[in-house]
Amino acid sequence: MVVVVPSLGQSLNKVTDSRSGLAAWGLSSLYHADQGFRGAASCATSNCHGGPTVGIASETAPRGSEYPIWLERDPHAQSWKTICSDASFKVMSQLGILKDGIIADMAGYRNCLACHNTEKNLGKDQLTPTFAEGVGCESCHGPSQTWFDQHYQGTEATRAAKRTLGLTDSGPLLQRAKICTTCHVGSRDRDMNHDIIAAGHPALYFDMAVYHEAYPKHWRDPEQNSSDFRAKLWLAGQIAAADSELELLESRACKSLPHSTWPELSLYQCNSCHFPLNGNPKPSSPTDRGLVDGGRAPIREWNLAGLSYIPNDSGENEIQVSARQLRFLLTTANSDAKSVAAEAQRLRVQLYDSLFDKGMLSLPKWSSGKQREISIQRLEESRRSNVWERAAGAYTAVWALGPTMPEGRLEKPMKTMRAALLFQKDMMSASFPRSQTEKIAPTSKDWDTSLLQLISALKNEVR
Amino acid sequence: MDGGGSQCKTIVLDAASSRASAFVDPRALFGLEAGRFHIVVWLFIALASAASASDSHSNIGVKECAACHSAPSPIYSALGVTRFVRLVEAKEWLEHDKHAYAYQLIRRDLPAEELRKEERKSNLLSIEITKRLNWKEGDEDFKRKCLTCHVGYKSEQPPSPMDMNFGVQCESCHGPGSEYTKTENHQQVSWRAKSPQQKTEFGLWDLTSASETAKICLSCHLGDIRQNRFITHDMYAAGHPVLPPFDLQTFLDAMPPHWESLPKKLPFERRAEYHRVHFDIAGNTDEIQTAIQDSYDKTGRSMIGGLVANDMGIELIHQAVADPHTWGDYSIYNCMGCHQELKKKSVKSQTSPRTPGRPFPADWLTLDYPFIHVSSRGTQATLLTELLTSFNSVPFGDAKQLQLLSETHLQSLQGRFNDRRKAEKQATTKQDVRQWLKHLIATRQDMLHDYWVAKQTAWMVCVAVDELVEHRELTRDSVLPTQKRLRELLRLDIHLPQRQSVLTGQKAELEMARSFDADLCKELLNDLVKRALE
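If you're matching them up, the sequences are chains A and B in order.
Per the working numbering, the first sequence starts with residue -1, numbered consecutively.
Per the working numbering, the second sequence starts with residue 824, numbered consecutively.
The hints are all genuine.
Simulated pairs of lysine-lysine, DSS-like, Cα-Cα distance not exceeding 25 Å:
id, chain 1, residue 1, chain 2, residue 2
1, A, Lys230, A, Lys413
2, A, Lys457, A, Lys443
3, B, Lys954, B, Lys977
4, A, Lys336, B, Lys1223
5, B, Lys1223, A, Lys253
Derived by calculation from the structure, the hints in this document are not laboratory data.
Turn these sequences into a full structure, and let the hints steer you where they fit.
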C-alpha cells in the first residue's frame, strides 16, 4: 500500500508509505516476512566471520571474529535460552500462550519469538524455531537469502546496493538505533504490551547510548573515540525510539496484531497507577506523578521524548504541535483509537520529512551546545517533579554528554543521582526498577543539590 | 427559650434570602420551643397546600418535619400518639446521626479561623478537592457532583440555603413531603392502615421494605449515575475518601435509630392492623406476634440488602457503559488491581480466569449473593461470570458486550425485584439464617483476599451470628473471641462521633486494605460460621 499525501511533505513520496515503517529507514527486510534465513552458523566459516576473537578491539587487526564475539559475549545469543527458562514458561502460561506445555496461542508465541529469536518459523515439533539461536546475525543484518550469494562473493559494492538487496546498513547511527528499537521498543510486528509485563516480562527502558556502551561490539566505529560519539548515539536512540513507539502505537490502535490491545496500558507511566494508596488526605502534588486532569494517567515519555529534539526551523514546529495533540488524545477518557492512529501516522510523516536528507533519513545537525540545553531542560523538569522515568531520562542525557565535559565535573552529582534512581546492573535494568512504584526517594536534599550542580556545570560549559 | 425564639427568626430570614447562609450550626434551629413553632408551621403548610395542588411531589424542607418530629407536644402525648410514633425523630437525627453533618463536613464557606481547627480538616480537603478538579464555574460542579449525595441536592428543585445546612435530611430518605405531610394525610389515624404502596403514591417511600431502604442507601453508598451520585476516579484522585463496602443491617445498626425496630413496635394490640398491611404474615394476632418475634429480621435485611447491592452494582455498570463520559472511569474497577506495588504478590480476582495486566471491576460491584428464597439464582451467577469474562476480554472490558449483558440483567430486574419483595415480607427463619451463612461463606471463599469483600462478608456473618445469639441459638461466649479478633483484623466497627469525618480512619483503612492478613481472616470467618452452624 502506498499512501501519497502531497500536502504533508515532499519526502513522503520518497519514503512512500509511512505505515511501512522500516521501509523509510531502508530496513524493511527486518519485518518478519517469509524471507529465508540461513542461521548464524552460516556466517561462521573461519574465513568469513568465524575467525579467532583476538584483534577485533584493535583498530589495525583484520576483521573476521564477529561470530565468536557474538556467540561468547553477546547477550543476544542467549535470548532463545531466555525463552526456554522457567520464568518465561510461567509468563507464557499466565498469558495463555502455553497450556499444559503445548502452544495454545500461536500468534502470541510468534510475538515472543519475533524479538527473542532470529526467525519465528517453527520446526517439525511446532515448538522450536528452525534456527533456535537467539538473536543472531540476520536479526539485525536482515535475512540472508536475498543477499548471501553476492555478499559471499564480495560483489555488493555500495551501501545503497546492499540496502537494495536487504542487507541492512547499520553504519549510520540513526539507522543502527532503529535496528535496536525495532525490538527494544517495538514495531508493527512485535508488541510487548502491558499484559506481558503484568505476566512477568520486564518493562522496556531502552537507551541507545547506555546499551551501546555495554554492548560487546563485534565491529569498529571509526568515530568511536571522538568526544561526541556517545552523545550522537544518545540522540539517534531518542529519535529512533520515538519513531518505533509511534509505529507501535499506530499498530496497536489499528489492532493489527491479534494480541495487541486497546486501550494499551503500557503507554502510560507505570507509577501513575502503580503506587500504594496511603490515604493521605493531601496526596503528593499532581506533578509528582505527572497526573493529567485529576485522575488520568499521563503517558510514558521515555520513548517519545526524542520528538522534542528534532530541529525547529521557526518557532514551535509542527512536530511539537502534533505531539501535544497525541498526548491529549491519549489522556482523554476514551482515547479514540482511530484518531490516535491517524495522529501517530501524521507525526511519523512529519518526522521523516524533517529528517530526510541526501536520499535517506539522517541524524539532525548535532551540537554539544544544543544537547547541553536539552539536558539542562530535562534536569529542570526532574527538579519540578519526582517522576522516576523523567529523572532517569535526564540522567542518561547528561551521562551521554560526559566525554564532552572536562573530567571530574559531573562525577559526584551523577553518583548521587544514580544512587537515588536505584539503577540495577549499571543502568541495564534487567528487572523492573523498584523505585518506579514510588516517588524517587530524594534520599536527602542531596538529590536537589546534585541536580543543581549538574545544571550549573552544564551552564558553565555553555558560556 | 426566648433566646431560641430569636435565633429561629434569624434562620427563617436566612432561608428567605436566596444567598447562601453564613455558617449556621443546624442544632441552633432546635433551640426553640417546639409548640410555638409548630403552630406557625401548620399555618404555613395549610396556606402552601391551598396554593398549589400539584401531582408531582416536591421537598418541603427540614423545618416542616421538625415542627412535629423533634419533641412531642403535650397534646400528642396526652392523646397517646407517642405510643405509636416517637415524635423525636428529627431531634435524634440532628443530635446523633452523621447524615445530618454530611454537608457541614464538606462545606467550603467557613471563616478562616474555623478552617484552622483540627476537626475541620475534611472541609479543608473539600476546598482542596474542588481546587484540584478545577471546578471554577460558580458552585455548580460542587452542587451537582458533591451535594447530590451530601445533601440530596436535585438541580430541578435545589434545597433552600438553610436546608442545605442539614446534609442528608428527612426527605432525602423518606421522599418528598409536599403531599403526605398535608394535614389530611399522614397526620390522620387512617394513615396507619394505608398500605406502603398507597403511601408511596403520596410520596412517602416505603422504608418498611428492606429492598426499598437498601436502594435509597445505595443510591449514595454505591452510586447512581442518573442522579449524579457517582464518585469518579478524578474525585478519588483529588482526595475523596474511599467508599466503604455496604451491608444494610450493619449500617442501620450504626445509625442512631430514630425509628423503632419491628419487634419493638409493640405493644402489639395497637399494631395488629399495621402489621397485617405491611407484612405477609397470616394468622391471628397472637400468631402474627409470635412470627414477628421469632423472625430473624436483621439477617433478612442483610440478605436483601446484598441482593439489591448486586442489582445496583450491575445497573451502575450499565449506566457507566451507556454514557461515553463515564465509560472507562477507573472508579468502577478494583483499586488494588492497579494501586499496588510492583514486584509484590498482586491482588487478583480469582472468580474467573484472568489475563494479567487488565483492570478488573471492583469486587463489590459484581459480588454474588446467595438468594435462598427463590431459585432464580442460577441465571444470576451465570450472568456474573459472563460479565467478568467480558471485563477481561479487552483492557477495561468490552463496552458493547457489557452493555448487552447488563441490559439483559436489567430486563430481568423486575422479576427478581418482585421475588425479593415477596421474600422480605416473609419471616426469616432460623433455617434461612443457617442456609444463608452456609452459602455465603461457600461462595466467598475465593474472594476473601480482597479487604473490602472480606469486610463486608464479615459484617454479614456477624449480623447473622449476633442474631442467632439474640435468639439463644448460640451462646455469646462461643463466638465472642473469634468475633473480637475479626473486628480488629478488619476494622469492623464503624461508630464514629457524629461530627467527626471518616477521614480520620482513612489512612489506617487503606493501610489495612493493603496489608491485612487474608489467610487469618479466612480462617476466622470459617471458624465463626462453623461455630454458628454447629
